[in-house]
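Enquirer: The residues making up each chain are set out below.
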Amino acid sequence: MVLKINNLSKTYRNGRGIKAISFQVQEGDIYGLLGPNGSGKTTTMKIITGLSRADEGDVQIFGLSVENDGEKSLEQVGCLIEAPALYEYLSAKKNLENAAAYYADIKAPRIEDILKQTGLLQYQNDKVKEFSLGMKQRLGLALALLANPKFVILDEPANGLDIEGMVAIREIILEQAKSKGITFLISSHLAHELELICNKVAIMKDGCLLKTATMEDVIEQSGTLENYFIETVRSGKEKSL
Amino acid sequence: MKAIQAGVLNESNKLLSRKKYQVSLIFTCLLSIAIGLLGGYAKGLVGLSLTNTPLTVLSLVTGFILPLMIAMVSADLFTAEQENGSIKAVITRPVSRSSILTSKVLAIVLYTLLVLVVSLVTSLLYGLVFNGLGVSHIAEALLAYAVSIVPMLPITLFAVAVSQLCKNSSSTVMLSVFGFIVIFAASVVFPRISPMLFTSYTGWYKLFIGAGMPITNIINVMALLLAYTLIFFAASSWAFEKKEY
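If you read the protein sequences in the order shown, they are chains A and B. Mapping to my numbering: the first sequence position 165 is 165, numbers consecutive. Numbers given in my numbering equal positions in the second sequence, counted from 1, plus 241.
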C-alpha cells in the first residue's frame, strides 16, 4: 500500500474544507482526484504532504503516519502542490541543486538527467522569472521527480497550460510511471485529462468523496469520465434531496 | 545535522544571489568610507572619531544598519517565501521544520557576520591608510567587531518571531523596525528598565575596549541576551511548527 487515507476531515474558518475522506492508492496506480474548484482536492493533498494538518483522520504513506513520523514519511515522496514552489531569482539548475542538497545520493548527473527529461536542459541557466507558465510547470514537475521518488503527488499539474503544455506534462507522467514504476496521485478539474492517464479515480465535490472506481469501470458504465462525474454528482444530489 | 548544513548553504546562496543583498554589502562598504571621510572633516565633532574609524562605523552599523537589514532578511526568508509559496520547496522535502527554521536563522546570522566583516575590513583599511591606525587600535577593533554579533542574536530572533506573525513581507519589516524603535524608546523614557531590554546593548562592545573589562557585567549582559535569544527562538519555533501553508 502506497497511500492510505482514513476518515480525513478539516474545516477552515469559512466553513469549507473536507469531510471524512477515505481512499487508498496501491503501488503502480495513477490515481486521479476529480472535482471542481473548491471541492477539497488541494486541502487533501496539502494534508498528505504535511503542508496542512487534519482536524481528524490519519494519512499513511508507505505505512508511515504523516502526523507522527513527520519528515520520514516524505522520504519517498515528490510533490507539486498548487503552483510550483520556485525561487524566481535563481536559475532552473540552481533550484534543482537547492532541492538536491537535502538528499545524499542526488548529484549533478541526476539534475542534468531530469532537466533533459522535462525538456529544460537548454534553459538550465536561465532565471525562473523569465520562464513561461508551461516551463515553470515542467520545472515544478522536475523538482517533484528529482529525488527518484516512489510516489508523486501532483495538484492540477496541467493548470493554466495550453494544449502543447498539457500534452508535454501528460507524456512525462506516463513515461515516468511506465519506465520507473512511479505511483501517482493527480488532482484535476479536467475530466478528459485524468481519463487519459489514470487507472483509478475518486470523485470529489463540496469537500466530500462521492465515489471511487477503476477507469475501466468508469468507461464501461458511462462511456467517459465526464459522464461518470455528472451521473455521480446528480445521484449524490438526488440522495441528499 | 546534514539537513541543517544543506539548509544553511541553500539559504545563504539564495541571499547572496539577490541583488538587494549584494547592493547592501556595497552600501555598507561605501558607508564605512563615508564615515571615515566625514570623521576627517568633522575632526572629532558630531560624535565622529577621527582616530578610530572602525569603532565609529561599528556603532552606526550595530545601532541602525544591522537591525534594519536583519528585519529585511527575516521578511524575505520567512514571510515573503510564505507569501509566494516558495517555502513549500523545502517544507515538502524530508526535512523537519525545526531544521528549516534553524537553517534560516543561521543564514541570517551568517549574513550579519558578513556585513560586520565588510564594514570592519573597509573601515580598518581606511583607518590604516588615512588615519595611521596603530596596532592597539586594530586589536581593539577586531575584538569589538567579534563581540558585536552577540547583541544581534536577540534582534535576529525578534525579527524572526515577528515574521511568523505577519502575512506579508513589508509588514514584517515595518513591525520589526517599529518594535525595535518602541523598545528602544521605552529604554530612553524609562531609564530604570533599560538594563533589562535587549535593544540597550547594541553597543556592548564598549564593555570590551578600554582599560579594564568588567567581567561580571559582561557575564550578566551575555546571560540576558542569551535568554532573550532563547525565548524568541522558542516562540518562533512554536509558531513555525504550527503554521499551515
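It should be emphasised that the hints constitute simulated quantities derived from the structure, not laboratory data. These numbers were taken from a predicted model, which means no experiment stands behind them. Treat the hints with caution; some may be incorrect.
Unchecked claim - Keeping only pairs whose Cα atoms sit at most 25 Å apart, straight-line, the calculated DSS-like set for lysine-lysine is:
| # | chain 1 | residue 1 | chain 2 | residue 2 |
| --- | --- | --- | --- | --- |
| 1 | B | Lys484 | A | Lys19 |
| 2 | B | Lys447 | A | Lys94 |
| 3 | B | Lys261 | A | Lys136 |
| 4 | A | Lys107 | B | Lys243 |
Enquirer: Against each hint, give a clear statement of whether it holds in the structure.
Expert: To see whether the hints hold, each was checked on the structure:
Taking the CA atoms of Lys484(B) and Lys19(A), the gap is about 21 Å. The hint holds against a cut of 25 Å. Taking the CA atoms of Lys447(B) and Lys94(A), the gap is about 43 Å. The hint is violated against a cut of 25 Å. Among the hinted pairs, Lys261(B) with Lys136(A) is consistent with the structure: their alpha-carbon atoms are about 24 Å apart, no more than 25 Å. Distance check on the hinted pair: Lys107(A) and Lys243(B) sit about 15 Å apart at the alpha-carbon level, within 25 Å; holds.
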